[in-house]
Amino acid sequence: MLDSRPTTPADLLVRGAHVLDPRAGIDAPLDVLVRGGEIAAIGASLEAPDVEVVEAAGKHLFPGFVDSHVHLRTPGQEHEEDLDSGTRAAAAGGYVTVVGMPNTDPAVDSAPVLLSLREQARREARVPVGFLASVTRGLGGEALTEMAELRDAGALGFTDDGKPVHRAGILRKALQYQRLAGGVLCLHEEDPTLSGRGVMHEGAVSARLGLAGIPSVSESTLIARDAALAGYEDGRIHIQHLSARESVEAVAAAKARGVRITAEVSPHHLALTDRELLQDLDTRLKMNPPLRDEADRQALVDGLRDGTIDCIATDHAPHAREEKEMPFEEAPMGTTGLETAFAAVYTELVIPGVLPLALVVERMSGGAAVLDLPLPAIAVGRGANFCLVDLSSEWEVGEHGYESRSDNCCFAGRKLRGRVVATVAAGGLAYRERTLAVVV
Amino acid sequence: MRHLLSIEDLDRATMERILDRAKSFTEVSEREIKKVPALRGRRVLNLFWEASTRTRSSFELAAKALSADVVNLSSSGSAIEKGESLKDTVQTLSAYRPDLIVIRSPHVGAAHLVARWTDAGVVNAGDGKHEHPTQALLDVYALRDRIGSLDGANVWIVGDVLHSRVARSNIHAFTAMGATVTVCGPPTLIPRGMESLGCEVEFSLDRLQEADVVYALRMQNERMTDSFVPSIREYVARYQVDGRRLGSRQVLMHPGPVNRGVELAAEVIDSPQAIIGQQVAAGVVVRMAVLYELLAGRGAENPSPPTQPKAATPVPA
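Sequences listed follow chains A and B, in order. The C-terminal position of the first sequence is numbered 440 in my numbering, with every residue numbered one higher than the one before it. The C-terminal position of the second sequence is numbered 757 in my numbering, with every residue numbered one higher than the one before it.
Among the hints, a few may not be true.
Stated by the list, open to error - FRET-style restraints, in silico, Cβ to Cβ:
hint, chain 1, residue 1, chain 2, residue 2, range
1, B, G588, A, A295, 52 to 58 Å
2, B, N512, A, L359, 55 to 61 Å
3, A, R321, B, V641, 39 to 45 Å
4, A, R167, B, P627, 27 to 33 Å
5, B, D559, A, E394, 31 to 37 Å
6, A, P106, B, T665, 33 to 39 Å
7, B, S636, A, D105, 57 to 63 Å
Claimed, not checked - Examples of chain B residues lying across from chain A (beta carbon under 7 Å, computed):
hint, residue
8, K527
9, H547
10, G549
11, A550
12, G568
13, K569
14, R605
15, R608
16, P631
17, R632
18, G633
19, V641
20, L645
I should point out that these hints are in silico values taken from the structure, not numbers from a laboratory. Note that the structure is a prediction, hence the values are computed from the model and not measured. The beta-carbon is built from N, C-alpha and C at its ideal position, and this holds for glycine as well.
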């Protein structure tokens, strides 16, 4: 169900990197030998005279990241992103698998659209890509898609992301039908009657700026409703991009009741608050759900730490420059995130001691478990899926210089540490920073 | 001072300098030839991307009274209608080397964006529901004229605070000038978190008698259709400032245009307590002072003491 273009299986000896795989219990400087795209050996002072050697002392080697939520804008909005540029951005961010959302043009709501997209991924994608199909036809919220056929065609699950499944009766039917079709229902939770024309978090900052607010309860009330439905139908749901304290509480309460529910959070919601908007109303900081206040941010960090939130997902949402160079209320929602995700969380939460590095590394690939995908692991015999990161490397996130086709990154102007220098995905070298020394 | 984007950027001393200069300009409006050459040869572009009577005409009159060359543009009939973006419009017009751009926009932050895209000075003439700094200045001017100092004055701002840029700017301006501000209106029209702007929040007029100044806001008809209030009738019953509610020692203000019989009863509009006309009149001189501050006052960081406004008269013979 994952697709990528054919790659040359890597033969590589990564020497001296600090290998950290929390699930495998590895946390030590080790050599990792890759042969034919598989991890052939892990140990001290490995020798392999016939392969490329990457001198990686001082760098860290993590299981590759998995993003359960990206917008690759294909088909239909290729001026913002396409499968090639989007997966290049993913590889540059240390990702070995990304999952594309179906709110494209046309929407991924039928097997033919999905199959053609998968075929395109087999030609273009630099790292394996999976796709979610929409819950309702044309994301219209009215009629279910042919979920069973879509699953047969390779849909990892279903979502109307960008919009909620507003009608409870439709979501209930999707949950019932899930028994036949399988696949997780991934939910963008927002009550449109509460969000109204809101463009940012409702609170002191929106009051000051005179901007229409999106209240926290717009998200949390729908989570509570959908958790109740999932519990009633014994369905499986995944809550996308949590943003509010009340939402974390709603997910925790549902988990405590035994509802089969998982949740994700984005790096920007973990690192930033709506106060950033007081600087100059940068439209790169406009996204849905919006950046909320400090209490919300703290609750998200706590939820990630205690396992209420299962994974970090970027909600990578590219937009063309001219679309974002607008007054704040007119600009579209969304920020790119693939190339800054790890560094943002590392810089804002690990370096200050708020979250342990191992927990962040584990949550960066937690999306795999949510979507029943194999978890990348640093283990002999497993396919090589890892990234090499220089935790001391600092750079200023800029206006330009992204692998993504778009540059609407909400971290622009910030200095981040923890740069990905190489990524091996599905056994092939998917990304290598130009400066990374390779001794042949 | 290069731009006037937000009233929050002005401290009390700067506001007083501008208002004292405005006072000195009243003499110009009383001349037979209402013109002085202070800004001769300067170019001012008025971009009004939203309907306006008072603000637009007073900015134009202010610029002309100072002998600046003025071009007025509105969104209808301009390239905006052809789909030109704000950025391209501003950069195009900047090629004409304006000294100042005055911008009214339905969008929050528009003036800040314009300032980023042009070398000209920028005046925010209203950006969405965010700010309207020259309105705040002229309101302080008119109020000072009536009551002297604002220090210790108790100002109530009554009505649709949610959709009002005037409320936001005036809270800052009145507070900076030493007044205390209470906002009052239906809970549906007071934004959550409003008290963080440093004002009190009330949902009824029961304590209106405590106010020295009652500042009523325009109640727009479309708010009814959005269910912010159930009916004009109920709004009027609860929030209209009328002869019964307005005390004889209270001052009544309104930014205009007034909906007679909605937020204000006819008898108070025409009462001696009302200074609505003075607010409008203050518009020209205050905007003259703002234009002068930005175009001629640059680098003049040594304002004359406020006690000697005449000495600050910047008008060359």
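Verification of the hints:
1. B:G588 / A:A295: 52 to 58 Å: violated, 44 Å
2. B:N512 / A:L359: 55 to 61 Å: holds, 60 Å
3. A:R321 / B:V641: 39 to 45 Å: holds, 41 Å
4. A:R167 / B:P627: 27 to 33 Å: holds, 29 Å
5. B:D559 / A:E394: 31 to 37 Å: For D559 of chain B and E394 of chain A the Cβ distance comes to about 34 Å; the hint holds.
6. A:P106 / B:T665: 33 to 39 Å: Because 35 Å falls inside the window, the suggested range holds.
7. B:S636 / A:D105: 57 to 63 Å: Between S636 of chain B and D105 of chain A, where Cβ atoms are some 41 Å apart, the hint is violated.
8. K527: holds, 5 Å
9. H547: holds, 3 Å
10. G549: Holds: closest Cβ of chain A sits about 4 Å from G549 of chain B, inside 7 Å.
11. A550: holds, 5 Å
12. G568: Interface hint status for G568 of chain B: holds (6 Å vs cutoff 7 Å).
13. K569: Holds, because the Cβ-Cβ distance from K569 of chain B to chain A comes to roughly 3 Å (cut-off 7 Å).
14. R605: It holds, given that the least Cβ distance between R605 of chain B and chain A is near 6 Å, below 7 Å.
15. R608: It holds, given that the least Cβ distance between R608 of chain B and chain A is near 6 Å, below 7 Å.
16. P631: For P631 of chain B, the interface hint holds, since the closest Cβ of chain A sits about 4 Å away, which is under 7 Å.
17. R632: holds, 6 Å
18. G633: holds, 4 Å
19. V641: It is violated, given that the least Cβ distance between V641 of chain B and chain A is near 10 Å, above 7 Å.
20. L645: Violated, because the Cβ-Cβ distance from L645 of chain B to chain A comes to roughly 21 Å (cut-off 7 Å).
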